[in-house]
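Based on the sequences and whatever the hints tell you, model everything.
Residue numbers (full-length UniProt numbering): 1 to 251.
Simulated from the structure, these hints should not be mistaken for lab results.
Treat the hints loosely; a few may be bogus.
[Claimed, not checked] Here are the simulated lysine to aspartate or glutamate pairs, EDC-like style, with alpha carbons at most 16 Å apart:
# : residue 1 : residue 2
1 : Lys156    : Glu128
2 : Lys193    : Asp161
3 : Lys156    : Asp174
4 : Lys193    : Glu181
[To be verified] DEER-style ranges, computed between Cβ atoms:
#  : residue 1 : residue 2 : range
5  : Gln195    : Phe162    : 16 to 24 Å
6  : Ala196    : Arg65     : 48 to 56 Å
7  : Thr124    : Asp26     : 34 to 42 Å
8  : Lys16     : Thr192    : 40 to 48 Å
9  : Ala99     : Ser165    : 16 to 24 Å
10 : Pro61     : Asp26     : 20 to 28 Å
11 : Arg187    : Lys16     : 36 to 44 Å
12 : His91     : Thr124    : 34 to 42 Å
13 : Val233    : Trp182    : 14 to 22 Å
All figures in this text were calculated on a predicted structure; none of them were measured in a lab.
Glycine included, C-beta positions come from ideal geometry on N, C-alpha and C.
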Amino acid sequence: MSRGITGAIVKALRIKDLTCTVTDIDVEAPALRAIRVSCPELIDRHRPMAGEFLHCWLPMPGHPRRQVLRPYSITDIDYTAGEFTIRVLLHLPEGPGTAWATTVAAGDTFAAVYHGSRPFIIPTPLPEEYVLVADASGIPYVNALAPFLAETTPVKVWLLDFQPSDHAIPLADDDDRITVEWVGPTREALRTKAQAADWAGRYPVIVSESKLTRALRRYLLHNGLVSKEYIYVRPFWAVGHTPPVRRLVTV
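Okay, structure coming up:
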């Protein structure tokens with residue numbers, strides 16, 4: 001297996017591959033696949049928290065010798081069995097994640113790396129309310145985080161309404177302390193929503209498309225609505241972006 005410069009960087013950082021085995025695949029919605037994975041080494045060695053990232057090496061469609069890294073939220077962790085679930089949002093045009101999730105079968109293995117992930121840290125002071133901003137790609141993260149936060153603090157979720165199929169993705173909103181609102185997926189719609197909100201005592205958690213995430217963060221900070229120490233931002237994807245992190249696989 002040859003990884004070129006990316007492999008050299010990974011080796012220099014002493015990041016080793018984790019071997020993951022697919023144990024089950026569930027169609028949770030037309031555009032969402034839940035992939036159940038066994039990797040006792042990840043669970044035993046790193047003890048990840050729900051919502052942290054696992055970076056998976058997936059083949060490029062049409063180029064089986066070329067792989068790219070794709071990050072997915074670790075959810076539904078069984079620390080005893082060494083299992084967890086990653087959820088893959090399907091989209092067109094088909095990318096590596098979609099191609100893999102629609103063809104993978106129980107018993108298949110794939111390599112992954114656990115590096116650079118960090119658990120969500122409860123802010124100090126505790127907010128009066130959390131405001132989670134996400135799109136369909138961030139729903140697995142929201143579903144992992146929101147019920148945990150709602151144990152002590154109300155949670156408001158703003159979901160960016162990119163397409164009708166997003167509404168079919170299951171949401172962990174059974175708790176009365178979690179409310180969900182759909183928002184237009186544009187800077188203008190987000191800015192209008194933010195202008196109408198009362199940010200006193202609110203803690204924003206923004207996990208969405210890169211440009212929209214940064215635009216909302218910039219708006220909130222520029223207008224003094226929140227401080228840079230009292231906001232959590234994690235871009236999940238970028239429009240038109242092809243990840244440069246790749247490797248070649250020798251067969």
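Taking only the CA atoms, is the gap from Lys156 to Glu128 under or equal to 16 Å? 11 Å, holds
Distance restraint hint 16 to 24 Å, applied to the beta-carbon atoms of Gln195 and Phe162: 22 Å, holds
Check the hint pairing Lys193 with Asp161 against an upper bound of 16 Å on the C-alpha distance. Status holds; Cα separation ~13 Å.
Take a quick look at whether Lys156 and Asp174 sit within 16 Å of each other, Cα to Cα. Distance of about 13 Å is within 16 Å: holds.
Do the beta carbons of Pro61 and Asp26 sit within 20 to 28 Å of each other? This hint holds: roughly 23 Å between Cβ atoms.
Beta-carbon spacing of His91 to Thr124 - inside the hinted bounds 34 to 42 Å or not: 38 Å, holds
Starting from the hint 16 to 24 Å, judge whether the C-beta atoms of Ala99 and Ser165 obey it. Given a distance of about 18 Å, which is inside 16 to 24 Å, the answer is holds.
Checking one constraint from the list: CA of Lys193 to CA of Glu181, max 16 Å. Satisfied? Holds. Lys193 to Glu181 sits at ~10 Å (cutoff 16 Å).
So does Val233 sit 14 to 22 Å from Trp182, Cβ to Cβ? With Cβ atoms ~21 Å apart, the hint holds.
May I ask you to test the hint 36 to 44 Å on the CB atoms belonging to Arg187 and Lys16? 41 Å, holds
Distance restraint evaluation - Ala196, Arg65, Cβ atoms, bounds 48 to 56 Å: Because 51 Å falls inside the window, the suggested range holds.
Supplied distance hint 34 to 42 Å, evaluated on CB atoms of Thr124 and Asp26: 38 Å, holds
Checked against the numbered hints listed earlier, the structure breaks none of them; every hint is satisfied.
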